[in-house]
Amino acid sequence: MPMQKDLEQIHNELQQILKESRSLTQKKKYSSEEIQGLQERLSKIDAQYKEGIIDDRNKNDANDDPYEHDGQAQVADDLAKVHQTLSQLLDRTE
0 MPMQKDLEQI
10 HNELQQILKE
20 SRSLTQKKKY
30 SSEEIQGLQE
40 RLSKIDAQYK
50 EGIIDDRNKN
60 DANDDPYEHD
70 GQAQVADDLA
80 KVHQTLSQLL
90 DRTE
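Mapping the sequence shown onto numbering that gives the first Met the number 0, position 1 (from 1) lands on 0, and the numbers just tick up by one.
Hints listed in this document are in silico derivations from the structure and should not be mistaken for laboratory results.
Watch out, some of these pointers could steer you wrong.
Here are the simulated lysine to aspartate or glutamate pairs, EDC-like style, with alpha carbons at most 16 Å apart [as the list claims (entries may be wrong)]:
| id | residue 1 | residue 2 |
| --- | --- | --- |
| 1 | 43 | 12 |
| 2 | 27 | 77 |
| 3 | 80 | 5 |
| 4 | 43 | 77 |
| 5 | 49 | 19 |
| 6 | 80 | 45 |
| 7 | 80 | 12 |
Just the calculated beta-carbon pair ranges, DEER-fashion [said to hold, decoys possible]:
| id | residue 1 | residue 2 | range |
| --- | --- | --- | --- |
| 8 | 61 | 92 | 20 to 28 Å |
| 9 | 59 | 5 | 14 to 22 Å |
| 10 | 62 | 89 | 17 to 25 Å |
| 11 | 59 | 24 | 18 to 26 Å |
| 12 | 36 | 59 | 34 to 42 Å |
| 13 | 59 | 12 | 39 to 47 Å |
| 14 | 60 | 39 | 32 to 40 Å |
| 15 | 25 | 61 | 46 to 54 Å |
| 16 | 49 | 19 | 32 to 40 Å |
| 17 | 61 | 89 | 33 to 41 Å |
| 18 | 61 | 22 | 37 to 45 Å |
| 19 | 87 | 43 | 18 to 26 Å |
| 20 | 48 | 18 | 14 to 22 Å |
| 21 | 45 | 18 | 47 to 55 Å |
Idealized CB from N, CA, C, for every residue including glycine.
With these hints in hand, go ahead and build the complete structure from the sequences.
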């Protein structure tokens with residue numbers, strides 16, 4: 000079953016942020032301001048995730064686990080990867 004459209008958009012945005020953050024690792028020098036822009040984009044997605052906007056579970060079914068829905072686990076994994084990459088970048092800034 001394919002990923003829901005809203006999850007696919009979020010997944011694509013997270014992949015773009017990850018790509019941009021990884022390209023920074025190739026540079027010899029980068030600033031915290033460069034990372035801050037990526038963090039702000041990530042923060043918006045995090046806020047949606049925490050507010051449940053990405054939560055597509057059936058509210059009438061207590062056993063419905065959103066992490067079992069197509070795309071949810073991928074988005075959670077993407078979020079973790081981007082957070083880790085940006086954290087590593089910040090650790091290396093001057």
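A quick look at each hint next to the structure:
In summary, the hint linking residue 43 to residue 12 is supported, as the alpha carbons are separated by about 11 Å, within the 16 Å threshold. Distance check on the hinted pair: residue 27 and residue 77 sit about 25 Å apart at the alpha-carbon level, beyond 16 Å; violated. For the proposed pair residue 80 and residue 5, the alpha carbon gap of about 19 Å is over 16 Å, so the pair is violated. Using a Cα cut-off of 16 Å, the hinted pair residue 43 and residue 77 holds, with the two alpha carbons roughly 14 Å apart.
The straight-line distance between the Cα atoms of residue 49 and residue 19 is roughly 24 Å, outside the 16 Å bound, and the hint therefore fails. Restraint check: the Cα-Cα separation between residue 80 and residue 45 comes to about 13 Å, which is no more than 16 Å; the hinted pair holds. Note on residue 80 and residue 12: the hinted pairing holds, with a Cα-Cα distance of about 13 Å set against a maximum of 16 Å. Against the hinted window of 20 to 28 Å, the Cβ-Cβ separation of residue 61 and residue 92 comes to about 45 Å, which falls outside the hint.
For residue 59 and residue 5, the hinted distance range of 14 to 22 Å is satisfied, since their beta carbons lie about 20 Å from each other. The hinted range of 17 to 25 Å is not satisfied by residue 62 and residue 89, whose Cβ atoms lie roughly 39 Å apart. The hint said 18 to 26 Å for the Cβ distance between residue 59 and residue 24, and at roughly 45 Å that hint is violated. Separated by about 40 Å at the C-beta atoms, residue 36 and residue 59 satisfy the suggested range of 34 to 42 Å.
Distance hint for residue 59 and residue 12: a CB-CB separation of about 30 Å, inconsistent with the stated range 39 to 47 Å. The hinted window of 32 to 40 Å between residue 60 and residue 39 holds, with their beta carbons roughly 35 Å apart. Evaluation of the 46 to 54 Å hint for residue 25 and residue 61 yields a pass: the beta carbon distance comes to about 47 Å. Against the hinted window of 32 to 40 Å, the Cβ-Cβ separation of residue 49 and residue 19 comes to about 23 Å, which falls outside the hint.
A beta carbon spacing of about 39 Å between residue 61 and residue 89 agrees with the range 33 to 41 Å that was offered as a hint. The hint said 37 to 45 Å for the Cβ distance between residue 61 and residue 22, and at roughly 44 Å that hint holds. Residue 87 and residue 43 have their C-beta atoms about 21 Å apart, which keeps the hinted 18 to 26 Å range intact. Judged by the Cβ atoms, the range 14 to 22 Å given for residue 48 and residue 18 holds: they are separated by roughly 20 Å.
Range check, residue 45 to residue 18: Cβ separation about 18 Å, and the 47 to 55 Å hint is violated.
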